[in-house]
Amino acid sequence: MSAGQKSIRELLVEMKDISDWMVDLSLASVYFEDENLAKLVHSLESRMDDLTYEFFQRSAMVSRSREEARRMVSLMQIAASAENISNACGDLSSLVLKKAEVHTVLKEALAMAAERLAKIKVREGSHLAGKELGQLRLPSSMGVWVLARGRGEEYEIPRKETLLETGDLLVVKGPPEGIHRIHRIAGEPLPRVKSSHKLRSLKRTLAEMRDAAVLSVDLAYSSVLLNLAEPAELVREIETKFDKLSYKLWAETLKAAKKEGEKGLTSVLETVRCLERITDSADSIVDSLLRGIEPHPVLTEAMSEANEKISRIQVRSGSVLENRSIDELDLWTTTGTYVLFIQRGEKFLYTPSRKTRILAGDLVVLRGAYAGIEKVKKLAEVSVSEP
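Under my numbering, the sequence shown has 306 at position 306, and the numbering climbs by one with no breaks.
Incorrect hints may appear among the rest.
Stated by the list, open to error - Simulated DEER-style distance windows between Cβ atoms: (1) Lys248 <-> Glu346: 51 to 59 Å; (2) Asn307 <-> Phe56: 17 to 25 Å; (3) Arg200 <-> Ala60: 45 to 53 Å; (4) His183 <-> Thr266: 52 to 60 Å; (5) Glu101 <-> Gly167: 27 to 35 Å; (6) Lys241 <-> Ile293: 38 to 46 Å.
Unchecked claim - Simulated crosslink set (DSS-like; lysine-lysine; CA at most 30 Å straight-line): (7) Lys244 <-> Lys377; (8) Lys347 <-> Lys377; (9) Lys355 <-> Lys39.
If you are wondering where the hints come from, they were derived from the structure by calculation, not from laboratory data. Glycine is no exception: its CB is placed at the ideal position from the N, C-alpha and C atoms.
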């Protein structure tokens, strides 16, 4: 490999991270109707096109045996899925660039989703001003991720060493409690989200579809990383369920458009179309695993180096986590991690409710910041009686 060229592992890491950023940023561009955010999404889409070309070019050169080629298929499917997610997000953000009307029902549905979006301005004298992003430890302390930093009319993807200056605009995502906390820290008033009583069923279905699409991608990556068929099967179930929800939403939307003369509902249908492409891509990620093809070792390395981590943690008897509910632990807000699923013996508990209690011996699969996951690992191992 010549100097300056990325390895297959490095390409896959960047492609995975970009596709993750694009899902959040494309939804944010629509939610805020922000053309500059939409332009950032399109620049990331162009970068993804270059990475995809380079990935397949290098992949064609490394397979030296039939078995190696067979295992490379899983990497190729993941790379192709990442690009498909990128293309779907690019199309979604194009709604804003085309100045299409974004219906209020779409904004209200996104405000109902599990992860909330917000814009935070860095004010002079606030706790954020003059700090490097990594110093703030927002993901591991309150579950908040900074998706983009705006300065002037341009946005960029921030790094840990990015210095926040007075006047910067931060686009963030996180749980409701975390979003409240960062508003307080920034000295920013919490904006009121107006919600109408119209089209309630449509909003609920759309919010459910947004959460299902994001969950399917998380489960897909965790299943191939941990080589587990069960969550991969759930990804396929979600994809099937999504198709039914999509049919239901299209019927409701067309009915509303005809009955109430609602304008701008095209934006709802376009969003659903893009979310459906994302769930289809998640299904493609797990396809090789469900065919019995063992994931390539490079995949494990790539996933472990991605921006957000996925980890499986075993709960020790007598630990801080034992017999505590997810609501009591509040890991999302306190450590920036959230529970994808719990493996309990031969059973799998997917999207556990806040009342679900964690038991000794449970294998808890988390996604989140590295520092946050390390915190949870300690909690899973340290006895309540230990100092």
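Comparing the hints with the structure gives:
1. Lys248 <-> Glu346: 51 to 59 Å: 33 Å, violated
2. Asn307 <-> Phe56: 17 to 25 Å: 23 Å, holds
3. Arg200 <-> Ala60: 45 to 53 Å: 51 Å, holds
4. His183 <-> Thr266: 52 to 60 Å: 33 Å, violated
5. Glu101 <-> Gly167: 27 to 35 Å: Given about 30 Å between the Cβ atoms, the range holds.
6. Lys241 <-> Ile293: 38 to 46 Å: 25 Å, violated
7. Lys244 <-> Lys377: Distance of about 38 Å is beyond 30 Å: violated.
8. Lys347 <-> Lys377: 21 Å, holds
9. Lys355 <-> Lys39: With Cα atoms ~41 Å apart, Lys355 and Lys39 exceed 30 Å; violated.
Consistency note: the structure conflicts with the earlier hints numbered 1, 4, 6, 7 and 9.
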